[in-house]
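Number of protein chains: 2
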Amino acid sequence: MATSAGDAPWIAYPGDYAIWQGNRVQARRVERGAYLSPFWPQYSHHSRVWFKRHFTLSRPETVRFDCDGNAQVCCALTGQVMSAVTNVFTVPAGTNVFVRIGVENSRHPPMIRIDGPTVRTDSSWLVEWHPDEDAPAEELRQFAKANEKPSDWRMRRRLESPVCQKSICGDHLFADFVRETYGYLRFRNVSADGLVRVIYGESEDEALDEDITHCDSWELLRLTAGDEFVAENPHGFRYVHVIPVDPDVSVGSLAMDYEWNDLPRKGSFRCSDDELNRIWDVADRTLELTCREVFIEGVKRDHWVWSGDAVQSCLMAYYRNGDFEGAKRTLWCIRGKDPLKMHLNGIIDYSFYWLIAIRDFDLYAGDAAFLRQVYPRMKSLLDFVSGRLDENGRPAWRPGATPYGDDWVFIDWAKEDLHGKEGVCSFEMVLYARALESAAYVAERVGAKDEAAAYLSQSRRVRDDVMRTFWNDEKGALMHLLKFDGSLSGQLTSYPNLFALAYGYFDADRAQRVFEGVILNESITSFQTPYMRFYEMDLLCGKGRHGQVLDSIKSYWGGMLKEGATSFWEAYNPDEKGAEHFAMYGRPFARSLCHAWGASPVYLFGKHFLGVRPTSSGYSSYAVEPHLGSLEWMEGTVPTPRGIVKVSVRKDHVEVVGSPDGTGTLVWNGQTRRINPNARIALNGEWQ
Amino acid sequence: MATSAGDAPWIAYPGDYAIWQGNRVQARRVERGAYLSPFWPQYSHHSRVWFKRHFTLSRPETVRFDCDGNAQVCCALTGQVMSAVTNVFTVPAGTNVFVRIGVENSRHPPMIRIDGPTVRTDSSWLVEWHPDEDAPAEELRQFAKANEKPSDWRMRRRLESPVCQKSICGDHLFADFVRETYGYLRFRNVSADGLVRVIYGESEDEALDEDITHCDSWELLRLTAGDEFVAENPHGFRYVHVIPVDPDVSVGSLAMDYEWNDLPRKGSFRCSDDELNRIWDVADRTLELTCREVFIEGVKRDHWVWSGDAVQSCLMAYYRNGDFEGAKRTLWCIRGKDPLKMHLNGIIDYSFYWLIAIRDFDLYAGDAAFLRQVYPRMKSLLDFVSGRLDENGRPAWRPGATPYGDDWVFIDWAKEDLHGKEGVCSFEMVLYARALESAAYVAERVGAKDEAAAYLSQSRRVRDDVMRTFWNDEKGALMHLLKFDGSLSGQLTSYPNLFALAYGYFDADRAQRVFEGVILNESITSFQTPYMRFYEMDLLCGKGRHGQVLDSIKSYWGGMLKEGATSFWEAYNPDEKGAEHFAMYGRPFARSLCHAWGASPVYLFGKHFLGVRPTSSGYSSYAVEPHLGSLEWMEGTVPTPRGIVKVSVRKDHVEVVGSPDGTGTLVWNGQTRRINPNARIALNGEWQ
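Chains as they are written, first to last, in my numbering: chain A, 7 to 694; chain B, 7 to 694.
Bear in mind the hints are in silico, worked out from the structure with no lab data behind them.
As the structure is a computational prediction, the values presented were derived from the model and not from experiment.
Check before you lean on any hint, since a few could be wrong.
Okay, derived cross-link-like pairs now, DSS-like style, lysine-lysine, Cα gap no bigger than 27 Å in a straight line [to be verified]:
1) A/Lys347 / B/Lys652
2) B/Lys568 / A/Lys343
3) A/Lys347 / B/Lys385
4) A/Lys385 / B/Lys347
5) A/Lys343 / B/Lys343
6) B/Lys272 / A/Lys347
7) B/Lys151 / A/Lys343
8) A/Lys58 / B/Lys385
9) A/Lys347 / B/Lys58
10) A/Lys385 / A/Lys58
11) B/Lys347 / A/Lys343
12) A/Lys385 / B/Lys58
13) A/Lys58 / B/Lys347
Among the chain A residues that face chain B by a calculated CB cut under 10 Å, a handful are [as the list claims (entries may be wrong)]:
14) Trp46
15) Trp419
16) Lys421
Which residues of chain B face chain A? A few of them, derived with a C-beta cut under 8 Å, are [claimed, not checked]:
17) Asn29
18) Gln48
19) Gly108
20) Ser112
21) Arg113
22) Trp135
23) Arg164
24) Ser167
25) Pro168
26) Gln171
Backbone N, C-alpha and C define an ideal beta-carbon position, used for all residues, glycine too.
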């Protein structure tokens, strides 16, 4: 056999692996003893696909062939077939020799790997599930080796013990695992077969509350007697409370298998403020817990992949450890397949966030193959959106699409009603315009120039419409809602203004008025969720308000730390006290205390303080514009697909080591320097 | 817990179980050492569905709940959830209490079973995979028990030994298993690990031919040393030839696990002619081999479910053993799901045969729930057909739909070119008209009266068009082809005439001319395949030519027996000699010697000689019109969904025992008698 590098990737129908993994992960939501399924449609992988490619070979090539599945390994070449047993076949010499491989697998997505010198799998292969359509194959980059089948891939596990455990209320067992964690409980020295009720708590209050209508996260487990019983389903928790249900069952002690995606640590941040360092660490932990096979919103409750949450997780992951593959799986999982039957997660804004995230992904990850694979699904999503516009071409709220009864206008969890059931929200219009810009960007990148121009012109139309229809010159702001009767409601919120400002949709004069009159106006802008804080902080940094942002981070995220947080929360209101912090959705412990959208400091420190960001696809060019804010010093690393960028900043000195590939620009105190690959650049000068 | 009968069926999304089983079965095609995948799209089961039903209960009901899958067992009631552990939940008392159960399963179709006195699974449940659509749930009737999960169901196996085995050519091993069989080879006393080549032969010539370009059915197997090695993949064969590839490997002896669907034997036929009895037995064996999880066309080669073949298998199965569930699985498997991307199996006629088969299924099986489930897919298939009609509303040949390059006009394997690539075939028009009639019948049965009328009027339009456009009064026949230039080609074939006659589309005068001038004209009607013989014999019986049909059966099917057939063949030409019988498709052994469409005598004897046939849905009424043809006597049983009908006929005496349910009409020698349930009716009178 001809030699080969042994590093060819597995390939699959685009998105199918992530959709399959996403279904598995989302099936883990067990709440109050019962599995809860996402209310949006779950798609299936294609059971049989054809992988196809032409090769021109001057001599025959014998290649190693692997196939993932329980179906027969299969291969059909034009006029030539191979045996399923040997895992080797020979492609004859010739011009444009057609290799076509059909794989059937009902259980997992069909996947193949071919590792010859010329004939090898990669994203230049095409894959079809029906003859009308050729999709570009997707490489599964975490799985290069023949003996690692993508469907067998599991995250790492490690045994962990609680810091303390004790008997309470006679025969109950209570354990504290020190900090928020996720995994599989181990019950040791189980005395007899029988049922126990396990209450998982992110707070001690939650674990100790035995009212099963109070605690969200409990399950009945049927233990079997013996040295050790390992729970089949993983849970997110810090505290565990085990209550025997059947009389003879007792448990000696508890431990757990912690499960996480063990990727190299590439991003880092350290600065002169220890509280901020702790915030970075807890944000990092929050992401370690929630960035899994796909990026889930929280580990205790949902396990669902919500677009609005996940696109923030993606941006954080780009700075935390550069898990571009995880981000890509997450984006596929959110999008699913066609036919589309409702907005992503049933939420209009979430469809737009997903579209916007594709451009961001390309800037950070630079994955041209992914753009080719995903662009058809951007188009069909935008077609779906178009089909639901009102007679004026606006994304109005629409009834009857979900079990909730309508297209959900979410925007944010807030005290006031944001959901726009009486008309069109300007917020949705602003996101729609940005989503169209993202589609235009991707269309351009995949060579669909006419479509790019059309999307750009649609985006311009929507932007103009927003400004013409929603601008209230007296208030100096976009109003929230255009009512069905054609009049503007009196509601003024920061949301549309914040986003339109961030996207550069205002002219200079209006931008100034909105920034000062709305964004900096605490009577208008006061978010309850880290989710919206993310966008607010992002904008404030963009406006050079780094000091103010540091203050906010210290008071808001630092506030959670002072309440004992070991991971960041779904919502935080400094005015609340004690167990009030755990309540949400009308239930005393429904709030998630490990919520991905709480981890934004990882993103903010990397992008706006270390100041590293891509300026073209995949960091082929990038900027480094450090800002100390009120800090004495800071240093850190930012992962890119071209290697790590290292930044170290003192008040009078900045030092950058460029990534091994790509060209950077250092901006510091008005000075600008080119950063060559791997080069070390240092600049002196007092920080201003 | 309230008592329950324990017999509630499992339910699933309609068709998903059959589609999943069909994918498994069709993945078994291994030919010349390589798996060959069907060229038409394979559909997937929905990974997550919601089962839904309202119940009105005067007191709470605690029910047994089972779920098929590796995902968490799950249940969500409005305002109430259940534990996954106990397999029991309680539905509260009330009016219209909504039970909604989400089940996720990527590996198999999600299925549930609830076995309470009132709250129990059946086809009155609805099932959705997305909120736009409520489909009626499908009952899986072969799987009533909780401990028999539908996805675990496997056919029965039984150890069988060859009648003789011997060493040949030194170290080769050769075995003869007496007759055509199917299953998993057992290699005993394997001396060492290593490769062997196994040549499976339906004929001795095939098994002995070591040229791997000649034999279709061979594979390389890597044996492991030991007492016994069992092959993973089943094959169809009579002879086996094992050739060591690796030097040290030798095999002591061979056996096999025969695999078959072990259903009760309900249909039978015996008569005064022993050759016909042997023909019935060999046809029965042919069907035992090919009627499996789904009805496949042949056991050696295809394993694919071809519509034209399978709808004949269904009709045979109705008479052989009343395997209505198998027929239903087969019909689902052929149809697959939406979106439709090509004609069923890529063949225009095969789409029409499937539509026609639904009405036949209802007549024989009487399954109103199935009609409700399948009617939407009849509609979408007819929409697909409509979208491909030419500008005159005719189902023309169309290029570019399959890897073969076009919508395939198959009709039959014949010496002349039937495939109509130059225009529109009248044969396709006739089938289209009949398919529309079938759709009208089903629409009527599911209460869609307006749609029924529309389909009927379309059918009438197509029939009128056929008669107006293709009738050649000089020849007294429908011509074969309308060319793209609008003129009729001179080609005259029996196919459109046979089918139009069978469907009653000619007026009396034309019918007479066609029957005598085309059907009985051997220079026009001379079929090479049992496939078309099926329809020819069916028509001749309908025209009272029972004696002629018996002669044909004895010469054609009897001819195969004389050639040593132990199952019936894909094609038979009495003029061929020796190994010529094994050749097809340009390869010396490509002909299938166990082909379902060869088994039509089972159908013909039951329907036209014993004379039992349904006259309304599911044999609620039926006719018994025995015809002895040239026989002295015959007796037999015909399975119906309402029990068995027993018929015994002598020249001067007929005796019928009616099925336990349903009302029959005995017609004998001009006399007519009502057959009451379970009643025995006897009539005397010399056969005329």
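Now for the hints, and whether the structure bears them out:
1. A/Lys347 / B/Lys652: 53 Å, violated
2. B/Lys568 / A/Lys343: 56 Å, violated
3. A/Lys347 / B/Lys385: 20 Å, holds
4. A/Lys385 / B/Lys347: At roughly 20 Å apart (the allowed maximum being 27 Å), B/Lys347 and A/Lys385 satisfy the hint.
5. A/Lys343 / B/Lys343: 15 Å, holds
6. B/Lys272 / A/Lys347: 46 Å, violated
7. B/Lys151 / A/Lys343: 35 Å, violated
8. A/Lys58 / B/Lys385: Distance of about 33 Å is beyond 27 Å: violated.
9. A/Lys347 / B/Lys58: Satisfied, since the Cα-Cα distance of roughly 19 Å is no more than 27 Å.
10. A/Lys385 / A/Lys58: 24 Å, holds
11. B/Lys347 / A/Lys343: Holds, at roughly 16 Å.
12. A/Lys385 / B/Lys58: 33 Å, violated
13. A/Lys58 / B/Lys347: 19 Å, holds
14. Trp46: 8 Å, holds
15. Trp419: It is violated, given that the least Cβ distance between A/Trp419 and chain B is near 23 Å, above 10 Å.
16. Lys421: Given a least distance of 26 Å, the restraint on A/Lys421 is violated.
17. Asn29: At 5 Å from the nearest chain A Cβ, B/Asn29 passes the 8 Å test, so the hint holds.
18. Gln48: 4 Å, holds
19. Gly108: It holds, given that the least Cβ distance between B/Gly108 and chain A is near 3 Å, below 8 Å.
20. Ser112: Holds, because the Cβ-Cβ distance from B/Ser112 to chain A comes to roughly 5 Å (cut-off 8 Å).
21. Arg113: 5 Å, holds
22. Trp135: 6 Å, holds
23. Arg164: With a minimum Cβ separation of about 24 Å from chain A (threshold 8 Å), the hint on B/Arg164 is violated.
24. Ser167: At about 26 Å, which exceeds the 8 Å cut-off, the nearest Cβ of chain A leaves the hint on B/Ser167 violated.
25. Pro168: 24 Å, violated
26. Gln171: 23 Å, violated
Hint check: violations occur at hints 1, 2, 6, 7, 8, 12, 15, 16, 23, 24, 25, 26; the rest are consistent with the structure.
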